[in-house]
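Trainee: The primary structure of each chain is shown beneath.
Protein chains: 4
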Amino acid sequence: MNEKIVIELNTKIPFNNNVDFCVGTGRLGLALTEEYLSELKFVQDEIGFKYIRGHGLFSDDVAIYHEYEEDGVKKVEYNYTYLDRIFDKFIELNIRPYLELGFMPYEMASGTQTVFYWKGNTTPPKDYKLWTDMVIALLKHLRGRYGEEVLEWPIEVWNEPNLPGFWYKADMQEYFKLFKETFNAIKTYDSRFKVGGPAICGVKDAEWIQGFLEFCKAEGLTPDNITRHHYTVEFPERVGHYDYHKLEDSEMRFDNLQSTRDIVDSFEEYKGTPIHITEFSTSYTPKGVIHDTNLNAAYLAEQLSRIGDMNEAYSYWTFGDVFEEQGVPDSLFHGGFGMVAAGNIPKPAFWTFSFYKQLKNFGSECVFRDKTSVIVKSEKGYAGILWNIQSDAYTRDIELPVEANKDGFTFITKTVDEECCNPLKLWHDLGEPAYPVKEETELIKSAAYPLVQSAVVNTANDKAELSISVKKNGVVYFELSHRTFTPDRGYDYERALKA
Amino acid sequence: MNEKIVIELNTKIPFNNNVDFCVGTGRLGLALTEEYLSELKFVQDEIGFKYIRGHGLFSDDVAIYHEYEEDGVKKVEYNYTYLDRIFDKFIELNIRPYLELGFMPYEMASGTQTVFYWKGNTTPPKDYKLWTDMVIALLKHLRGRYGEEVLEWPIEVWNEPNLPGFWYKADMQEYFKLFKETFNAIKTYDSRFKVGGPAICGVKDAEWIQGFLEFCKAEGLTPDNITRHHYTVEFPERVGHYDYHKLEDSEMRFDNLQSTRDIVDSFEEYKGTPIHITEFSTSYTPKGVIHDTNLNAAYLAEQLSRIGDMNEAYSYWTFGDVFEEQGVPDSLFHGGFGMVAAGNIPKPAFWTFSFYKQLKNFGSECVFRDKTSVIVKSEKGYAGILWNIQSDAYTRDIELPVEANKDGFTFITKTVDEECCNPLKLWHDLGEPAYPVKEETELIKSAAYPLVQSAVVNTANDKAELSISVKKNGVVYFELSHRTFTPDRGYDYERALKA
Amino acid sequence: MNEKIVIELNTKIPFNNNVDFCVGTGRLGLALTEEYLSELKFVQDEIGFKYIRGHGLFSDDVAIYHEYEEDGVKKVEYNYTYLDRIFDKFIELNIRPYLELGFMPYEMASGTQTVFYWKGNTTPPKDYKLWTDMVIALLKHLRGRYGEEVLEWPIEVWNEPNLPGFWYKADMQEYFKLFKETFNAIKTYDSRFKVGGPAICGVKDAEWIQGFLEFCKAEGLTPDNITRHHYTVEFPERVGHYDYHKLEDSEMRFDNLQSTRDIVDSFEEYKGTPIHITEFSTSYTPKGVIHDTNLNAAYLAEQLSRIGDMNEAYSYWTFGDVFEEQGVPDSLFHGGFGMVAAGNIPKPAFWTFSFYKQLKNFGSECVFRDKTSVIVKSEKGYAGILWNIQSDAYTRDIELPVEANKDGFTFITKTVDEECCNPLKLWHDLGEPAYPVKEETELIKSAAYPLVQSAVVNTANDKAELSISVKKNGVVYFELSHRTFTPDRGYDYERALKA
Amino acid sequence: MNEKIVIELNTKIPFNNNVDFCVGTGRLGLALTEEYLSELKFVQDEIGFKYIRGHGLFSDDVAIYHEYEEDGVKKVEYNYTYLDRIFDKFIELNIRPYLELGFMPYEMASGTQTVFYWKGNTTPPKDYKLWTDMVIALLKHLRGRYGEEVLEWPIEVWNEPNLPGFWYKADMQEYFKLFKETFNAIKTYDSRFKVGGPAICGVKDAEWIQGFLEFCKAEGLTPDNITRHHYTVEFPERVGHYDYHKLEDSEMRFDNLQSTRDIVDSFEEYKGTPIHITEFSTSYTPKGVIHDTNLNAAYLAEQLSRIGDMNEAYSYWTFGDVFEEQGVPDSLFHGGFGMVAAGNIPKPAFWTFSFYKQLKNFGSECVFRDKTSVIVKSEKGYAGILWNIQSDAYTRDIELPVEANKDGFTFITKTVDEECCNPLKLWHDLGEPAYPVKEETELIKSAAYPLVQSAVVNTANDKAELSISVKKNGVVYFELSHRTFTPDRGYDYERALKA
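Residue numbers (this note's numbering), protein chains in the order written: chain A, 22 to 520; chain B, 22 to 520; chain C, 22 to 520; chain D, 22 to 520.
If you are wondering where the hints come from, they were derived from the structure by calculation, not from laboratory data. Be careful, since some hints might not be right.
Note that identical chains are pooled: a pair holds if it fits in a single copy or bridges any two copies.
[As the list claims (entries may be wrong)] No farther apart than 27 Å at their CA atoms in a straight line, the calculated lysine-lysine pairs in the DSSO-like style are these:
#, residue 1, residue 2
1, K215, K201
2, K401, K201
3, K484, K96
4, K392, K519
5, K140, K238
6, K292, K95
Please build the complete structure, drawing on both the sequences and the hints.
Mentor: Next comes the structure, spelled out in structure tokens:
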């Protein structure tokens, strides 16, 4: 893993870094809460995602759909009080909804099956007309309030219909019907909306993708995006409240993603259709203890370096720890999906996303990728990310072609590893307080930021030589930038250090 | 320096940790500015001082004193618009004025001599009655606005009259007159006010203290506090805008402080009168490059461990870098007095003060002090500070008597040294931008916070064994606290790390 | 109503103005939401209540109580994640919980009956030991987190058990059992806690109070407070989503309150026991259209002038419009209980409470009360509130004894009436937008603040003469304060107006 | 003044409403202060100006220019610490500098003459090369920091050189030299910069404009803007600290502005060159008591309705009361130039500007203007402003052509007059506290906002009939907008009012 990296002049490597396209969230109703919004603000201030996707848009806590009787006639009315409150905040935080259409309002449902602690109804509508009316009414309402930008908000039909818990009996034909009715209603209303599916997870995924596209082809539907999920752990062992997983081999998981890409491209009609990974993470449970570790950060660093190869977009599940699928979290750290724990404590994985965003801001021209690193170039110089998944610490040497600069280059490293940025350990060492008081939260937070260090790198022979140490489960972001040395009259840094 | 520390049960060492009593500031008129208030808010939020002392209360930028003619008669009026604005903000930030009475309003002055770029007039009043009227009017105004707490705000007469630049010809007798007139006027108004002097620096200090107390004795005055300053560098070499100093031997400086204590105590009447060090720092110039270094932090750590031995109170000069005595700062880092640089970048020395405040909050019972460490005890456990002034890195072993605790002890370290918390270096490596843009300031700030790490210390034989590494010019704060381990049902930290 | 008020010197009238003791809230789970906290912050900043009381402490959305099986044994665990989040915020907003113990956790319930859209379970516990264990565990947890102040937080057992919807079959004996078990458990844990009941509303109130006290007497229980509710409208007509009520005669309602006082005082053992009106308002439904009107403000002004006569404390139901008992509000103004509408629009009734708080801050010595006014005195002068319930506009003349003051008196009026402070009308005139956008909310808010006017009142013969116009459904707060005229040199107000 | 306004269909009136182009400020150094920035934020949040213009860019408190000696040679250095701090804040508040080049740095000055309490040096440079070097260095620095938008920031050479106090001896030829040197240096650096002059006030204005353009013509210079000032009061009487003025006839002042326009247009080369009124107000002194009155607001309403007729742009002098030209303000209200008094109390004149900004936001198509009103139209409906300068109250009737709308029109009025929005009166009635405490400031502020009222206007015969009452010195903004009535199911506003 630690052979020297030598970059040749004019190297150019494909790399689709779409890290900030979308992020996942607990059910939309939770977006009413202060802790949720505080965590989302933190994430948006530090990283900044474009879209946010979550379940429960039509669930009863958002309270959109209502039936009533008047003069003996059953009628329908919609209530957007909470929806507007939620989406207004999203816009204020400069993030837009990725509209996942689901689950079923209780009054519209054909059955009583629910999923999650918060009881999302997962049965088909008792009448598809009620469903499509509700969807179109919603889109009209959104355009009235937010304007024509709503046309660009991606739409996805339902969530994980390939699991019986999420869609009654995982009935494929019934899902295809839902998709068709929804797709046609939306496109009839305004064909510019972008509608995708089938939003499946890894269970029988090939069968579903194949079946879905055959259905679409037969029905003459052209989905704008193909959507699926991507998790990378084995089935967990549950002990008490918690799930202990083993990570899967990442190659196997990437192969699985590639096979979806291949199926899509095997259809003449759908070749090249963008694939959106509308959920991904390591563990797929909100009690997956790995989520809070430095290992998670390192493992995701590899994921983010390659997931764009076969997918246009991808969305980490989830931005924060306000989440109730398996009940209210029992403790500060509890293996929640979030990048951020309660009280805005960034977990190590947060920094993996932050570093990829910094990389994207630095430059888009990739010059190197391997299993443990990625490096990009821009006019400013070079930036890169290195990670170490479960290996012993090592040092990576890097040789980069540069134009010599008399003032040298500024070399910045930002390091996240088990020694310098490990809030989980500090919390454990404190005794694992389930409900920390403010002082404890602040202390834990003070151990949750990268170690930032710098040096001046002098160049000779048009080469810059770097050495970066990457500890076990560490992730290191670096920048090497042209330096302009502008000391003030009389200032001598070296002399200042001596007294 | 690095022999093992072994604390015996029931050890008790005297230690006057009054770190948060007072802090210095640039001229009061600067307290109108936003950058000043932002830095002060930062300092108050993180440390929290009780009083703030600075020059220029009566200088013309605060604009209190005005003369005018009416019907051919010269009259006086006072304008408290700016004063109230400044003090209102101080109160809002939970800090109170330590009232230094000076300098002279231009219209009241007997001469034209000024000090500083901002031209504080340093001549005696043309008429002492005008002066005492102004002082008493001010105190009345303050009581009207802020209530009876004003009686507790310490008052000091003038600043460094022993320097000819600060008081016309450094005329000792004229200063004594100023003191007497002021003291008597205030005590006549309300004897509960606390009035001190002579506010001298180290030049001819013994002579001044002796003379001042003899004068007071002869005149029957009982000053409430004796005040002086304390700087610890040799005369600098100026290059361009900057001053390069050599640090003095700290023992010599402490001896000098002790000699003031001895003089005061040699007077029967004044024995035990509190001494306030109303200014102290390493360098006494606002371009003293040492101020921004980690060395400064380490040197001050020793100062703070001992300065309370012979002085009731002391006030670091100054909290922030908004300061104009030698002109407007030319560059972000410029050797300014502040604990905090522009844009709220904490300098290493900031953390020395923060650590002493944390130590004070932890407990007041001292169990150990030597040249490079101080340790206190409380019901919670132990806390301490270690520092390393210009030595190579070493490790300090500490043995502390504890009651065994089945869950062990939480051991927290907060480390500030040249490698992990060195904003000056990062700025230098960036090329020393004089006027950093926001992104640069944020980057520098990200390298300006302590490295926080933790461990669980298990105890055997009623002893806890610690090992703390202290790098060159490093300062390390630690806490060892009883730990209550309350893992949630099923949570296993060690297992969570493996996947 | 509008005869002249003439106050004699040294008049003193009893008046218990306890306006800021407590305020009601929607279910506690809603306190997690941002809109709720924003409204509460607004109320606390402007008025400032000491306690807050609401339902749902033990309901499943707060998620405290959980059962699980381990090794074949049923066990119990408590989760305080949300509870701490809620109460931390309350403390931060300087308000404390008035602990209403209820409703029943689903897993502890003996039945399935629920109340409200949000489905609070209203059946007795399946095992009273589980209930009292949960209550005591909670109190211990609260003391651990918030300290000994928790001992002062009032405790009330359940809510409106006299209604079958709120307590299974409105079973009086079962409630008494609940009360006794809870009371004894708490007093056994720490007898300093203050525990009250029976928390009834107006249905069969005399019967319940009488029965409750007889039961307590028989069992040797001494409740610290007697609690009941107070609403003042007739049974409504429901049209669509909304309830249209007729206001009841206020005398009748006060008589009803007095009768409770009389019953309590008829028991030797309970004579003088404080009565807490733990809920009061005009309409008792969250769609009671009167809540948003100026009439509501005027009617409450009378209530607040007299409700303290027979009750130690009282709590308006509720501070804000985040409320879900009958579903999510359908529209900005919807007859919600709140003093404040969504987006922090103060309703007219908000100002009634604000004015009574200002009156309390001004002074506690009452000099006049009649059906449409109350006046208090302090060293500063006089303050009062006048209101007009459904009458035509009139002018009230007031003569107040004063010591003549050469600079006169400052006379301030703050007026809230249908013409100058009527956000409901502005919203109606806008077309009744259900979900206003930010600009609409701001516009409505700009019509929701009192008209503030002033005058200088000159005095002669030791009397001040005021004339205050009170329009229909108006509420006017006034202050008459000693004035100190301190014009700056050369400033002439009258001349300034001419140019 | 109060004849009925009848608007015919398709009426279109020219009207240049450029109210938000620019606003004036006290010396730039004051932009470092917190109170200044707080007031500017308030103004920007409520109104939002594009540019800000003030004196003192090169004065010594901003501290840009410095000379020093090195190796026996005099050298120059620039310090942008404060400049960047100021301009960074401007950008943050979404306002850009209108660069007024002046006054002279002390070290560059040829003489010692100063203007103002804050002593701006008003003499020519000792060497024009030093001056142009400093100007060009500044522009380069600004482009480096703020990018190419700097090219659009207007530049003006000096301030009021036609007054001997502002330019040594008011030496016209010397000013022309300054202009030429500056203009040529800037245009040589980058010809896209926009440079204007001669920045004169009303003294000998025709002579200066004529002379300036003849000079430019002779030298082949093409100024981008012609700049002058506009004040509308007679010479004041000073009493104590204050100035009492008589307002001039507004026709005379508009004629004077027109004559400048005519002179410019009389030059073939300069015909149509934009004229910028870089300062205007009623009184030209910072102690002009009229500034704080409702009369000022009404008088300015007329000014703003017509000043755009002969001038492309205009800039009110000034946004706030942080100002030191005649010393530090002695009292809260002191006749300061600001729209806003200390503590963010909007003066009546603030609302005149706010109303013109609201008018601009509403629509740009003017349908009516007379001496006391202006009305514009847009798709939404109509908006207008009415004012009353020193007349008795009257009612204005307005007939507007509309398309009938079944839900009617929403009619909003916002009224500012001596009765409903008069903070000066409230302050006077309080006794004219020079330094109000926070509670007093809040009380005064509560009387400083418009009275907002509404109605529904029903239409018949395609006409809407309005009646607007305008009290003495009142300003009324109104909007008449299409109304969409969307009552919720069952909501009946009229019925809600009855109970």
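Trainee: Taking the hints in turn, state whether each one holds.
Mentor: Consistency of the hints with the structure:
{"no.": "1", "hint": "K215 <-> K201", "result": "within (14 Å within a copy, 60 Å between copies)"}
{"no.": "2", "hint": "K401 <-> K201", "result": "neither (49 Å within a copy, 40 Å between copies)"}
{"no.": "3", "hint": "K484 <-> K96", "result": "neither (74 Å within a copy, 38 Å between copies)"}
{"no.": "4", "hint": "K392 <-> K519", "result": "between (44 Å within a copy, 20 Å between copies)"}
{"no.": "5", "hint": "K140 <-> K238", "result": "neither (34 Å within a copy, 46 Å between copies)"}
{"no.": "6", "hint": "K292 <-> K95", "result": "neither (45 Å within a copy, 56 Å between copies)"}
Going down the numbered hints, you'll see the structure goes against 2, 3, 5, 6, while the others check out.
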